[in-house]
Amino acid sequence: MSQIYYTTDHEWIAVDGDTGTIGITDHAQKQLGDIVFVELPEKGLEVAKGEEACVVESVKAASEVYAPVSGEVIETNDALAENSALVNEDAEGAAWFVKIQLTNRSELDDLMDKAAYDAFVENEG
Amino acid sequence: MSMNRQGRKTQPGTPEESLGDQPTHSGNRGLLIEEPLLFELGDTQTTGVDLPDLPESAHDNETRFGDLARREPIGLAGLSEPETLRHYVRLSQKNYSIDTGIYPLGSCTMKHNPRLNENMARLPGFMDIHPLQPQSTVRGAIELMDELAHWLLELTNMKAIALSPKAGAHGELCGMMAIKAAHEHAGHDQRNIVLVPDSAHGTNPATAALVGYRVRSVPAQKDGTVTAQSVKEALGDDVAAIMLTNPNTGGVFEREIVEIAELIHEAGAFFYCDGANFNAIAGKVRPGDLGVDAMHFNLHKTFSTPHGGGGPGSGPVVLSERLAAFAPVPFLLHDGEDSRLIENAGDVGAGKLHPFGRMTAFHGQFGMFTRAMSYMMSHGADGLRQASEDAVLNANYIRASLSEHMSLAFGEDHICMHEVLFDDEFLRDTGVTTLDLAKAMIDEGFHPMTVYFPLIVHGAMLIEPTESESKASLDQFIEVMIALTRDIREGRSEVFTAAPRFTPRRRLDETGAARKPVLRWSPE
Amino acid sequence: MRYLPLSKQDRRDMLAKVGVEHIDELFADVPKDKLLSDLPELPLHAGEMEVEQRLSRMAARNLSAGEARGFFVGAGAYWHHVPATVDHLIRRSEFLTAYTPYQPEISQGTLQVLFEFQTQVALLTGMEVANASMYDGSTATAEAVLMARRVTRRNKAILSGNLHPHYRDVVQNMAHFSGGDLVLCDPAFDGAEELAAQIDDETACVVVQTPDFFGHLHEYSELAKAAHDKKALLIVVVTEIVSLGALKSPGEMGADIVVCEGQSLGCGLDFGGPYVGLFATRQKYIRQMPGRLCGRTVDADGKSGFVLTLSTREQHIRREKATSNICTNSGLMALAFSIHLTLLGEKGLRHLADLNHANAARLAEKLADIKGVELLTRRFFNEFTLKLSRPAGAVVDVLAEHKILAGVPVSRLLPGEKEAENLLLVAATERVSERQMDQLARALKEELA
Chain A
1 MSQIYYTTDH EWIAVDGDTG TIGITDHAQK QLGDIVFVEL PEKGLEVAKG
51 EEACVVESVK AASEVYAPVS GEVIETNDAL AENSALVNED AEGAAWFVKI
101 QLTNRSELDD LMDKAAYDAF VENEG
Chain B
1 MSMNRQGRKT QPGTPEESLG DQPTHSGNRG LLIEEPLLFE LGDTQTTGVD
51 LPDLPESAHD NETRFGDLAR REPIGLAGLS EPETLRHYVR LSQKNYSIDT
101 GIYPLGSCTM KHNPRLNENM ARLPGFMDIH PLQPQSTVRG AIELMDELAH
151 WLLELTNMKA IALSPKAGAH GELCGMMAIK AAHEHAGHDQ RNIVLVPDSA
201 HGTNPATAAL VGYRVRSVPA QKDGTVTAQS VKEALGDDVA AIMLTNPNTG
251 GVFEREIVEI AELIHEAGAF FYCDGANFNA IAGKVRPGDL GVDAMHFNLH
301 KTFSTPHGGG GPGSGPVVLS ERLAAFAPVP FLLHDGEDSR LIENAGDVGA
351 GKLHPFGRMT AFHGQFGMFT RAMSYMMSHG ADGLRQASED AVLNANYIRA
401 SLSEHMSLAF GEDHICMHEV LFDDEFLRDT GVTTLDLAKA MIDEGFHPMT
451 VYFPLIVHGA MLIEPTESES KASLDQFIEV MIALTRDIRE GRSEVFTAAP
501 RFTPRRRLDE TGAARKPVLR WSPE
Chain C
1 MRYLPLSKQD RRDMLAKVGV EHIDELFADV PKDKLLSDLP ELPLHAGEME
51 VEQRLSRMAA RNLSAGEARG FFVGAGAYWH HVPATVDHLI RRSEFLTAYT
101 PYQPEISQGT LQVLFEFQTQ VALLTGMEVA NASMYDGSTA TAEAVLMARR
151 VTRRNKAILS GNLHPHYRDV VQNMAHFSGG DLVLCDPAFD GAEELAAQID
201 DETACVVVQT PDFFGHLHEY SELAKAAHDK KALLIVVVTE IVSLGALKSP
251 GEMGADIVVC EGQSLGCGLD FGGPYVGLFA TRQKYIRQMP GRLCGRTVDA
301 DGKSGFVLTL STREQHIRRE KATSNICTNS GLMALAFSIH LTLLGEKGLR
351 HLADLNHANA ARLAEKLADI KGVELLTRRF FNEFTLKLSR PAGAVVDVLA
401 EHKILAGVPV SRLLPGEKEA ENLLLVAATE RVSERQMDQL ARALKEELA
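Chains as they are written, first to last, in the working numbering: chain A, 1 to 125; chain B, 1 to 524; chain C, 1 to 449.
Treat the hints with care, since some could be wrong.
Capping the alpha-carbon separation at 25 angstroms, the derived lysine-lysine pairs in DSS-like fashion look like this [to be verified]:
#, chain 1, residue 1, chain 2, residue 2
1, A, Lys30, C, Lys321
2, B, Lys159, C, Lys445
3, B, Lys232, C, Lys284
4, C, Lys284, C, Lys231
5, C, Lys371, C, Lys445
6, C, Lys321, A, Lys49
7, A, Lys60, C, Lys445
8, B, Lys232, C, Lys34
9, C, Lys284, B, Lys516
10, C, Lys34, B, Lys159
Honestly, the hints are just simulated from the structure, not real lab data.
In this text the structure is predicted, and so the values were computed from the model without any measurement.
Take the sequences, apply the hints, and build the full model.
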């Protein structure tokens with residue numbers, strides 16, 4: 001059973017062993033509006049925590065998605081290339097962006113759990 | 001009497017019943033004619049030109065070009081001349097234009113385009129000359145460029161000019177290149193930061209990045225202006241330049257501009273001024289007097305060369321004494337009676353001039369130079385000044401007339417220059433957005449103002465009437481805007497959310513267009 | 001002043017409404033000591049007649065192509081005949097005085113034109129997609145190099161020595177400031193250039209031109225393969241778009257990006273601008289492409305229509321991460337290009353291309369016979385290089401005194417290049433008559449005798 005963490009930049013990461021699956025939150029998806037394109041990194045890319053990993057575009061905005069933790073990209077979600085609308089439909093499920101191999105699990109300690117994130121969103125709005 | 005029994009009714013009478021939206025057989029609606037794509041109308045065998053026959057000596061393509069001959073059909077559609085006229089006239093009728101009505105796009109400056117300028121640009125002596133003819137055969141063209149340079153330098157009190165940039169953003173690039181070249185020449189390679197207010201147009205940071213600089217944001221005040229204090233805090237010996245738009249993107253003159261320029265110069269940096277809004281101050285104040293080191297013009301805004309549905313622009317750049325030596329080729333060199341165009345950096349020898357390179361093939365948008373020159377000569381110094389004043393007066397008239405009905409972004413007492421900025425506070429909880437209001441204006445026969453720009457206020461609406469609008473035109477615009485705000489207050493939101501209703505097309509699916517881009521016609 | 005509708009009374013009434021007494025109160029934010037009272041160095045307003053007189057006098061000091069006793073100047077801008085319909089249509093208010101089509105519902109005319117233009121450019125270049133135009137061919141070439149660097153994430157560009165020298169300078173200038181590596185090859189006057197061997201694992205792109213600056217035609221299929229083997233892109237530049245009516249397209253050769261100067265169709269010579277840059281590439285690179293794009297979509301009633309699309313690449317959204325800093329395209333010239341090409345159609349364009357070549361071939365034959373003239377370009381389209389027995393610059397100047405514009409001395413664009421001193425670029429379009437050819441031949445013969 002994987003554990004899910006959240007960032008203040010509205011990314012989520014589901015951790016299963018040393019593998020993390022990353023996406024943007026449902027709240028972020030609603031804020032961005034209709035998603036028209038997701039730019040995914042190449043496999044093998046090493047990303048440091050907080051670095052730009054993907055770009056998600058709506059018609060009028062392009063937003064960077066930052067790596068919640070450091071690691072190497074081991075898989076990208078090809079379904080998004082064909083169907084970016086998936087992000088609007090299932091942001092925290094089928095519309096994951098990348099999977100990474102974690103290099104520093106302790107970075108997870110800085111992230112929020114579901115309850116903390118919900119409270120964060122509540123306060124931000 | 002003789003009876004003409006073929007009479008017809010000459011009064012409309014009352015229709016028996018409304019036909020409502022019942023479609024026509026053709027899909028057309030009176031003057032609104034549906035026009036298929038060129039490729040659906042034409043074919044590869046039709047041509048609308050009569051060219052001379054090939055000389056008998058001509059060989060066939062294979063013989064002449066061998067493996068390089070085009071063998072496959074291209075697929076280009078052709079139309080006869082009458083069909084061509086009809087196709088494009090019908091398409092033109094789906095466009096709004098300045099000649100149609102008020103076009104109050106803030107920061108875009110949609111002013112009257114005098115037709116004299118069009119005629120002047122088409123004099124054969126201007127239109128049919130080649131940029132690489134011997135300079136002895138284009139004395140008049142060089143004289144025109146010289147004259148244009150004279151006017152632009154006088155209006156700005158600057159020292160040198162680069163005429164070649166092709167548009168505003170290209171001029172901006174040219175100005176920033178001159179700045180970088182000056183730093184390189186002085187050995188100041190550590191200067192790699194450009195200060196840009198967070199209220200700036202997106203082109204400024206994009207340009208800074210393109211010349212290899214990093215952007216440091218300067219926090220703007222509520223009205224988008226920048227204080228000398230905030231510039232001081234951002235300055236350091238790593239700063240190459242500041243980029244400021246004046247008047248700024250909210251239509252406000254930078255009050256502390258002179259102090260800012262002094263701070264910048266003390267720190268060894270340069271002051272780039274985005275001249276996109278120079279039309280507000282031409283003839284009233286000279287950027288050179290304010291401490292500006294480089295500024296581009298948008299000839300298509302300030303000096304009324306036509307926008308043409310998105311270009312061509314023209315973006316000459318004026319440079320201060322400190323940057324004058326770094327102007328790119330080609331440039332004009334005074335040489336006795338006549339000026340000469342210096343086309344190669346090597347032509348100036350090792351002296352005081354250090355042209356940084358070349359922005360474009362040839363000499364710039366000459367066809368726009370003639371138009372701008374014709375415009376400036378017509379106006380004269382007095383007319384240009386009056387144009388700036390009228391532009392500012394018109395914007396403030398709209399501000400004063402709509403202040404109670406819409407929400408001014410910077411409060412009721414804040415004067416503006418050539419454009420006035422509203423936010424969407426007055427739309428709060430009405431179910432109507434800035435975009436909806438814009439679309440409802442289209443139904444009323446107006447082009448909307450600029451919306452959602454600048455980003456410093458929520459749901460921005462930036463109105464720039466320009467000096468070309470008469471008082472009657474402004475009054476009509478104001479009256480309709482007030483009526484629309486009344487509709488909003490009274491809850492008739494469907495007028496807005498369903499708008500536009502009377503256009504060749506209704507709101508278009510931009511999401512679909514971006515998700516599955518279809519960028520060309522393809523044969524089935 | 002005829003362009004300003006406000007009367008004095010209007011101004012007084014409006015100032016009253018605004019609540020100020022004098023216009024300068026609205027300029028209150030301008031430092032007092034900087035506000036001007038007048039501009040003594042500039043003249044006052046002038047009526048139409050006077051402006052016409054002053055500008056006509058300047059225009060009369062130029063020797064226009066039509067006045068010349070022969071016009072053979074090319075090198076990236078060509079004097080073609082533009083049908084009357086083109087200028088009539090681009091002067092229509094609704095095209096001429098419209099802005100960028102940001103409100104699609106009232107800009108379907110401009111947008112459909114752009115969609116048709118993009119299609120025409122894609123077809124002509126043999127590519128999958130094209131943008132809505134660029135400033136001109138030279139700036140489009142610089143943008144193509146930047147794009148290749150983004151696509152490949154590599155830094156090095158190899159520039160053919162036979163690329164138009166101004167284009168090379170523009171690319172070089174951009175690379176200098178934006179930090180790209182360039183390999184600048186020497187010109188090969190005979191057209192034989194070996195580029196494939198220079199491509200390595202750091203190469204982003206190779207930039208070549210056909211017909212090249214000296215008029216040579218090239219088959220780049222092998223070069224395309226060599227580039228692709230190293231995962232580099234091939235950028236093909238075309239400065240005479242009419243040539244594509246007779247020649248195999250760069251797309252057929254395997255080009256990844258094609259940039260062209262479109263001036264030959266629809267635009268005048270205009271002493272260098274405004275022209276229209278064409279930019280075409282493969283579908284898979286559209287998000288890395290600079291410039292504006294028009295796309296087809298549907299409206300609220302399900303009817304087909306057009307919008308500007310993929311604007312997230314642009315500067316107003318991406319700011320310092322934009323693909324380019326460009327805001328405008330060359331809209332009106334793109335319209336002129338598209339109308340001219342519509343009038344020609346495929347049939348007309350092919351015929352026009354054949355005419356151009358036939359004229360140039362005839363001219364080359366006449367000139368090559370002259371003592372002291374050597375034809376350097378064996379396979380050409382409508383422009384070729386002659387090697388004269390004397391420096392070409394002086395010859396061109398003398399002929400110009402006789403109102404014959406004989407061509408472009410190569411040394412004007414390649415100063416200091418010893419071998420280029422005697423080279424003359426000569427172009428012949430459909431406008432050149434047999435008589436003018438003979439006049440040039442005669443004058444050149446006399447001058448070189």
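Hints versus structure:
For a cut-off of 25 angstroms, the pair hint linking Lys30 of chain A to Lys321 of chain C stands: about 24 angstroms separates their Cα positions. Of the pairs offered as hints, the one joining Lys159 of chain B and Lys445 of chain C is violated, with about 47 angstroms between alpha carbons and a cut-off of 25 angstroms exceeded. Annotation: proposed proximity of Lys232 of chain B to Lys284 of chain C is violated, straight-line Cα distance about 46 angstroms (limit 25 angstroms). A distance of roughly 15 angstroms separates the Cα atoms of Lys284 of chain C and Lys231 of chain C; the hinted pair therefore holds under the 25 angstroms criterion.
Between Lys371 of chain C and Lys445 of chain C the alpha-carbon distance is near 7 angstroms, which keeps this suggested pair within the 25 angstroms criterion. Distance restraint check for Lys321 of chain C and Lys49 of chain A: the Cα-Cα separation of roughly 20 angstroms lies within the 25 angstroms cut-off, and the hinted pair is therefore satisfied. Straight-line distance between C-alpha atoms of Lys60 of chain A and Lys445 of chain C comes to about 64 angstroms, which puts the hinted pair past the 25 angstroms bound. Restraint check for Lys232 of chain B and Lys34 of chain C: the C-alpha separation of about 23 angstroms stays at or below 25 angstroms, so the hint holds.
With a CA separation close to 12 angstroms, the supplied pair Lys284 of chain C and Lys516 of chain B stays within the 25 angstroms bound. A threshold of 25 angstroms between alpha carbons decides the hint, and for Lys34 of chain C with Lys159 of chain B the separation of about 18 angstroms falls inside it, so the pair holds.
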